[in-house]
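Colleague: Spelled out from the first residue to the last, the chains are:
There are 2 protein chains.
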Amino acid sequence: MKSIIITIGDELLIGQVINTNAAYIAGKLNSAGIEVRRVLTIGDEHHEILAALEESYPKFDVIVITGGLGPTHDDVTKKAVCTFFHTDLISSPDARKNIEQFLKSRSHSWSDAAEEQTHVPRGSTIIPNKLGTASGILFEREGKHVIVMPGVPYEMEGMMEDFIVPYFTERNTGKVVLHRTLKTTGIPESMLAAKLGDLKDLLGKATLAFLPSPSGVRMRITVVDPNRSAAETLIRDIESRIREKVEKYIYGADNEELEEIVGRVLAERKLTIAVAESCTGGLIADRITNVPGSSNYFERGIVAYSNESKIRLLDVPEKLIEKYGAVSKDVAEAMARGIREAARVDIGLSTTGIAGPSGGSAEKPVGTVWIGYSYKNETRAVKFQFGTERLRIKERAAQAALELVRRKILRIE
Amino acid sequence: MKSIIITIGDELLIGQVINTNAAYIAGKLNSAGIEVRRVLTIGDEHHEILAALEESYPKFDVIVITGGLGPTHDDVTKKAVCTFFHTDLISSPDARKNIEQFLKSRSHSWSDAAEEQTHVPRGSTIIPNKLGTASGILFEREGKHVIVMPGVPYEMEGMMEDFIVPYFTERNTGKVVLHRTLKTTGIPESMLAAKLGDLKDLLGKATLAFLPSPSGVRMRITVVDPNRSAAETLIRDIESRIREKVEKYIYGADNEELEEIVGRVLAERKLTIAVAESCTGGLIADRITNVPGSSNYFERGIVAYSNESKIRLLDVPEKLIEKYGAVSKDVAEAMARGIREAARVDIGLSTTGIAGPSGGSAEKPVGTVWIGYSYKNETRAVKFQFGTERLRIKERAAQAALELVRRKILRIE
Chain A
13 MKSIIITIGD
23 ELLIGQVINT
33 NAAYIAGKLN
43 SAGIEVRRVL
53 TIGDEHHEIL
63 AALEESYPKF
73 DVIVITGGLG
83 PTHDDVTKKA
93 VCTFFHTDLI
103 SSPDARKNIE
113 QFLKSRSHSW
123 SDAAEEQTHV
133 PRGSTIIPNK
143 LGTASGILFE
153 REGKHVIVMP
163 GVPYEMEGMM
173 EDFIVPYFTE
183 RNTGKVVLHR
193 TLKTTGIPES
203 MLAAKLGDLK
213 DLLGKATLAF
223 LPSPSGVRMR
233 ITVVDPNRSA
243 AETLIRDIES
253 RIREKVEKYI
263 YGADNEELEE
273 IVGRVLAERK
283 LTIAVAESCT
293 GGLIADRITN
303 VPGSSNYFER
313 GIVAYSNESK
323 IRLLDVPEKL
333 IEKYGAVSKD
343 VAEAMARGIR
353 EAARVDIGLS
363 TTGIAGPSGG
373 SAEKPVGTVW
383 IGYSYKNETR
393 AVKFQFGTER
403 LRIKERAAQA
413 ALELVRRKIL
423 RIE
Chain B
13 MKSIIITIGD
23 ELLIGQVINT
33 NAAYIAGKLN
43 SAGIEVRRVL
53 TIGDEHHEIL
63 AALEESYPKF
73 DVIVITGGLG
83 PTHDDVTKKA
93 VCTFFHTDLI
103 SSPDARKNIE
113 QFLKSRSHSW
123 SDAAEEQTHV
133 PRGSTIIPNK
143 LGTASGILFE
153 REGKHVIVMP
163 GVPYEMEGMM
173 EDFIVPYFTE
183 RNTGKVVLHR
193 TLKTTGIPES
203 MLAAKLGDLK
213 DLLGKATLAF
223 LPSPSGVRMR
233 ITVVDPNRSA
243 AETLIRDIES
253 RIREKVEKYI
263 YGADNEELEE
273 IVGRVLAERK
283 LTIAVAESCT
293 GGLIADRITN
303 VPGSSNYFER
313 GIVAYSNESK
323 IRLLDVPEKL
333 IEKYGAVSKD
343 VAEAMARGIR
353 EAARVDIGLS
363 TTGIAGPSGG
373 SAEKPVGTVW
383 IGYSYKNETR
393 AVKFQFGTER
403 LRIKERAAQA
413 ALELVRRKIL
423 RIE
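For the record, the sequence lines run as chains A and B.
All you need for the working numbering is the position in the first sequence, starting with 1, plus 12.
All you need for the working numbering is the position in the second sequence, starting with 1, plus 12.
Please keep in mind that the hints were generated in silico from the structure rather than gathered at the bench.
Keep in mind that a hint or two might mislead.
Chain copies aren't distinguished; within one or between two, either way the pair holds.
[To be verified] Computed list of lysine-lysine pairs in BS3-like fashion (alpha-carbon distance at most 30 Å, straight line):
#1 LYS420 <-> LYS260
#2 LYS395 <-> LYS109
#3 LYS116 <-> LYS257
#4 LYS207 <-> LYS282
Every value quoted in this text rests on a predicted model; they were computed, and no experiment measured them.
From just these sequences and the hints, can you work out the full model?
Modeller: Okay, here's the thing in structure tokens:
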């Protein structure tokens, strides 16, 4: 099945918003065995949407449209789809039920805008929206599919996951495209590639892409095969071969986040943790508490931005700060030990560094970060250098701190 | 002048790479007075590129193409452009000079790949590439412009800045497109629209788009006018009219983040702040410390996830938690007062809520959040209901807490 993704929104045409929806949808359609041949972005005007539908309908089996479904005046997609299919809008009981449930969950009351949102094109199927009031719409005609979803990313993503991917995966008789992503951190792309050696030998007819980001390098394996089980065997086989060579750098796969992995490792061993953050400013605690159930192992976090808070809340001896400075091995270790003892947890984790843009010196330039760790009888700190950009420094330091916990507990040297 | 951006690359069609080039180019073309009507993404195949050119040439004045110009086997764009313009590739002395300079700057020697890169379509103009070996190409025919650039972002960006933007700005006798975005939080799109009233009256020939996200609704004003100063006057005028109606909900404009605004408001008044977070788990501290210079007003943060940490670190009376539960008005207020006194700051801010997915009850469902605030003689807490999804609840609670600080200090009721 050949498809086109049509993303609607003036904000995309003026460069105000980057089109992340298109990449997300493309990835999901591929995983459901649907080839994406085009992505088209247009403004939110009736005639533009209609023209795009008229051009695309004869050429593609699947047309996926996002955007222009909100309750305000720029909601034009529904009307254009009606014009294209020579139909009109009717109030849908399914849509009404969906909106009622959503509004109830937010303790919002019914409104004119909500009433408006119950209107969908006659003859279409509703795609439920668990995270908003705009229902998705599916038209199936002459073996072709036209799908309309809101442009709000998380609402669209919910519909893709819950409805579109299962729908097409079931119907799909074509090729299966499988992806598997292995996530690493703490090793640069070039070193990872060197450790993997000859890629042709390793991969055969599969492909491997290295996707670097500030928090680490992802390796994405892709296999295309008419036969699903052959594809599944091959991709598992290649994953094992890669793991043989670089296992220790791989903290997770696909959409797993490092904080989920660390949470699982802690929960399995019934260990508790507390964090004392200076330069990461709460980011580590934020990430740990993104995981449902984290209250079982996360006891507290202290964002000790001032020296006084380091001394009073973490029992860091004042003379240590005077002697070595707040950004130092000794202070990082004292913070980790201090939070571990104060919170009476198994593991204390700390960060202290210079996030910039000011505060750097020749000896301790911006990007210098000490990460401290206290567990059982061991208290240590490790020094890192994380570039010059404030948000990147916070991000990389938080990632390195969580990875340090993972490796220490799993005894990965 | 109407334009289409055509981005070429299989990686865009499988969702592996997000199309940041399109947003960049769109922004720059707009600033040069060229309206972008479409963005089209296609795979790197000769017939796809040719078909896209054939469709687009009659409809647009400017066609900007990126991708498929590299030295590897998927370099097909040049050949497709030759087919389209009924011409062939010739070795260009200008391109050769450009490549020689680039290789010299990198201490690289001449190669077969470099020789290949000197070939450009006969009759085209070279767009110099300071950051790579693939020259850009410009065709000007019958008042129409076809531009081809490499897909490597920084090479393309260099060409846009140094060549394309000045080129069109000089030639452009057409329209100027101006945008202004006003950022709101704490008010739904539909209510904002209702408060603005009749949009035709308000806007005249300008347009307004509502862009909702979990952290609030952005309103984007767009003005298109042949005269820059008339456009600037009009957009300022419309901004004032909108502010007259919904000023209190607008915390910032364009790319300003709420934490920057709050930081500025605190710094101007020489006020200090500390936060005590439960359900937001460190996100508020993380956002506050994203701002350079925040150490001047942010003293500390406590992520008091356990009851014991609320009692010991924030002086919350144990009997309050027993009587009302940790998620309650009284505990939120005690936390805000506790952190303010312990940190000896002007403002104490607190959150306590049920981020889910478990822990909810009929009386206090998932999404219930109390935000507490202590400043001078006033300590208060406000109740919110933030849906059912853990990360959205954290995000919306952090945004509402920061907004509460902004409104309290600025005395916005």
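Colleague: Next step is simple, just say for each hint if it's right about the structure.
Modeller: Against the structure, the hints:
1. LYS420 <-> LYS260: within (12 Å within a copy, 50 Å between copies)
2. LYS395 <-> LYS109: between (56 Å within a copy, 27 Å between copies)
3. LYS116 <-> LYS257: between (52 Å within a copy, 29 Å between copies)
4. LYS207 <-> LYS282: Answer is neither; intra-copy 34 Å and inter-copy 53 Å both fail.
In this structure, the one hint that does not hold is number 4.
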